[in-house]
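Please construct the entire structure, taking both the sequences and the accompanying hints into account.
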Amino acid sequence: MFTTTWCGYCRVLKRAMDREGLAYREVNIEEEPGAAEFVMSVNGGNRTVPTVLFPDGSAATNPPLSLVQERLGR
Numbered sequence: 001m002f003t004t005t006w007c008g009y010c011r012v013l014k015r016a017m018d019r020e021g022l023a024y025r026e027v028n029i030e031e032e033p034g035a036a037e038f039v040m041s042v043n044g045g046n047r048t049v050p051t052v053l054f055p056d057g058s059a060a061t062n063p064p065l066s067l068v069q070e071r072l073g074r
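Numbering (my numbering), first residue to last: 1 to 74.
If you are wondering where the hints come from, they were derived from the structure by calculation, not from laboratory data.
Distance windows between CB atoms, simulated:
no., residue 1, residue 2, range
1, ALA60, ASN28, 17 to 23 angstroms
2, GLY45, THR5, 18 to 24 angstroms
3, VAL12, ARG47, 16 to 22 angstroms
4, GLY21, ARG47, 27 to 33 angstroms
5, SER66, PRO33, 31 to 37 angstroms
6, ASN28, LEU65, 18 to 24 angstroms
Note that the coordinates shown come from a computational prediction; the quantities given were computed from them, not determined experimentally. A virtual CB, placed ideally from N, CA and C, is assigned to each residue, including glycine.
What follows is the structure, encoded as structure tokens:
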């Protein structure tokens, strides 16, 4: 999951995923080299977070928990 420290939507999604026991790796786009460029590449040039990268290579921007669960087969 691509995030920033100040993103409220990121905090909400992380809490929901934690509550449901969904594992994720957090990548702060302001600290990780190349992360912002990846986020921009899947969001039409925008640095929109949270952006979730799924194991199949697809990505979703600010997805609801239900979509994350669906994409992870839960």
